[in-house]
Amino acid sequence: MSALLQVRGLSHHYGQRIGCQDVSFDLHPGELLCIVGESGSGKSTLLKTAAAQLAASSGSVRYHQRNGAWLDLDELSEADRRRLAREEWGFVTQNPRDGLRLNVSAGANVAERLMALGMRNYGQLREIARGWLERVEIDPSRIDDAPTAFSGGMQQRLQIARTLVTQPRLVFMDEPTAGLDVSVQARILDLLRRLVNELGLAAVMVTHDLAVARLLAARTMVMQGGRVVETGLTDQILDDPQHPYTQLLVSSVLTT
Amino acid sequence: MTSNYNFAFLDENTKRMLRRALLKAVAIPGYQVPFGSREMPLPYGWGTGGIQLTAALLGPDDVLKVIDQGADDTTNAVNIRRFFARVAGVTTTERTTEASVIQTRHRIPETPLREDQILVFQVPEPEPLRTLEPREAETRTLHALADYGLMHVKLYEDIAQYGHIATSYDYPVLVDGRFLTSPSPIPKFDNPKLDHSPALMLFGAGREKRLYAIPPYTRVESLAFEDHPFEIQRWEHQCELCGADESYLDEVVVDDLGSRMFVCSDTDYCGQRRAEQAA
Chain X
3 MSALLQVRGL
13 SHHYGQRIGC
23 QDVSFDLHPG
33 ELLCIVGESG
43 SGKSTLLKTA
53 AAQLAASSGS
63 VRYHQRNGAW
73 LDLDELSEAD
83 RRRLAREEWG
93 FVTQNPRDGL
103 RLNVSAGANV
113 AERLMALGMR
123 NYGQLREIAR
133 GWLERVEIDP
143 SRIDDAPTAF
153 SGGMQQRLQI
163 ARTLVTQPRL
173 VFMDEPTAGL
183 DVSVQARILD
193 LLRRLVNELG
203 LAAVMVTHDL
213 AVARLLAART
223 MVMQGGRVVE
233 TGLTDQILDD
243 PQHPYTQLLV
253 SSVLTT
Chain C
739 MTSNYNFAFL
749 DENTKRMLRR
759 ALLKAVAIPG
769 YQVPFGSREM
779 PLPYGWGTGG
789 IQLTAALLGP
799 DDVLKVIDQG
809 ADDTTNAVNI
819 RRFFARVAGV
829 TTTERTTEAS
839 VIQTRHRIPE
849 TPLREDQILV
859 FQVPEPEPLR
869 TLEPREAETR
879 TLHALADYGL
889 MHVKLYEDIA
899 QYGHIATSYD
909 YPVLVDGRFL
919 TSPSPIPKFD
929 NPKLDHSPAL
939 MLFGAGREKR
949 LYAIPPYTRV
959 ESLAFEDHPF
969 EIQRWEHQCE
979 LCGADESYLD
989 EVVVDDLGSR
999 MFVCSDTDYC
1009 GQRRAEQAA
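Just so you know, the sequences run in chain order X and C. Each residue of the first sequence is one higher than the one before, starting from 3 at the first, in our numbering. Each residue of the second sequence is one higher than the one before, starting from 739 at the first, in our numbering.
Next comes chain X alone, as it looks inside the complex (with noise of 0.2 Å):
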């Protein structure tokens, strides 16, 4: 099976410091790639830089597209980028409040992208935009509260539905559930893999929680000071990690 995206080499580089350096991977259709690492490790660079919202500083990131053709997103156009970033991927931020417009409701938050792509029937819209609500568990009466009356689990929820409606192939994730308390981030995990699962979609999700990849990613990668340390099955690597900053990162969770 090819490969959905080809990420060789990647860095990027904050003036002199390393945000990341030399990554290498493959995302694979249907797979769910987890990044973990500390604070400051690079993790939210290498993911942006892979979706193209950073430019790279050296190293290459090939798409492969819809039609069956490779994309080097180093030569894609601002025009090019837009379309790919509303019509084939996803991005879900940290905070949902930076991926939402806060000053429209619900219901126009998720219809958005559909709009772009040139939806114009409005009771289509709205059945489209009441479905995935339901689907991220949020009452469809709700459609048209403003989302800054919803609490943070729930904007995060739809955050998620606005990124998924027009089912992209490629979703990058950002902490999606950090911030969040315990309760809520086990449910929004459990609604992403049943939505992962559902939509054949690939995702790559950066995380500081090892639980999360645990749950979610069969792959994962570890992550310090930029550089990728450890990449293999996230069972493998969580139960017996060879990298010495693995094996602390591995101890040092909390077990109850």
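Derived from the structure by calculation, the hints contain no laboratory data. Be careful, since some hints might not be right.
[Stated by the list, open to error] Output of the computed footprint for chain X on chain C, the stretches with three or more beta carbons under 8 Å from beta carbons of chain X: (1) 885 to 893; (2) 920 to 928; (3) 963 to 972.
[Unchecked claim] Derived pair list, reagent style DMTMM-like, types lysine to aspartate or glutamate, alpha-carbon separation capped at 25 Å: (4) C:LYS892 <-> X:ASP100; (5) C:LYS892 <-> X:ASP74; (6) C:LYS926 <-> C:ASP994.
Source: prediction; values computed, not measured. Glycine is no exception: its CB is placed at the ideal position from the N, C-alpha and C atoms.
Put chain C on the given structure of chain X with help from the hints.
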């Protein structure tokens, strides 16, 4: 004409700059062209954009009409008309049919315009996406990529909140199938008059330093949803002065007991109809 001023107040270099910007605007219908807006002897928001465009357009033979909300006799209209009579010495008129240049705030005259007329709009906010996207760099990118899904988010919100598209003025239009454009705060009643208009339409925003144009006979569509098509306002009343039932009506409170009457907002149109009826 007061001889202490250059013809039409602005110096020739400024008028030249404005005309170059106007030519560019006509060449790219609906595209907002930046220009070096000057201080004018009236405050921002009173028509500094329109007045600069008019100054750049006027020649000694032009006949100028100025309307404010359709009326020729309101403060803004009277002042601007008197201003140009003084600094350009041009003939002014209240008759739509006699004018060669019409500067307007918030209305298009009811009388159909001709090919030899130019309509100049005063625009407070030239960017239709501004309420949804505050970043100028971003709105420019959206225009460059013709990425206008955002505008429908606003219309969606209208229907979700009010059951219909409640935007009743400054209703967004797509010019020549390409640029999303603000028609200035004219009532959406006037939007159909923009489509394939024989007269040249120019828009000036003085504070925002942008001007744009809708050239004659250009396609202008008002945005809408398939199942919520564009509609103009309708009244159950007729004009109580001239009896018109197809013009844009103002509701006027006439005493402190709550009595009110509906009259044409276009004073020249109403006056002409009454003169005809009297004859």
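Verification of the hints:
Chain X is given as covering the stretch 885 to 893 of chain C, and this holds because 6 residues of the stretch bring a CB closer than 8 Å to a CB of that chain, at least three being needed. For the stretch 920 to 928 of chain C, the stated coverage by chain X is violated: 0 residues have a C-beta nearer than 8 Å to a C-beta of that chain, whereas at least 3 were required. Given a C-beta distance limit of less than 8 Å, the hint that chain X covers the stretch 963 to 972 of chain C holds, as 4 residues qualify and 3 suffice. Using a Cα cut-off of 25 Å, the hinted pair C:LYS892 and X:ASP100 holds, with the two alpha carbons roughly 19 Å apart.
Of the supplied pair hints, the one linking C:LYS892 and X:ASP74 is violated, its CA atoms being roughly 35 Å apart against a limit of 25 Å. A hinted pair counts as satisfied when its Cα atoms are at most 25 Å apart, and C:LYS926 with C:ASP994 does not qualify at roughly 30 Å.
When each numbered hint is compared with the structure, violations occur for hints 2, 5, 6.
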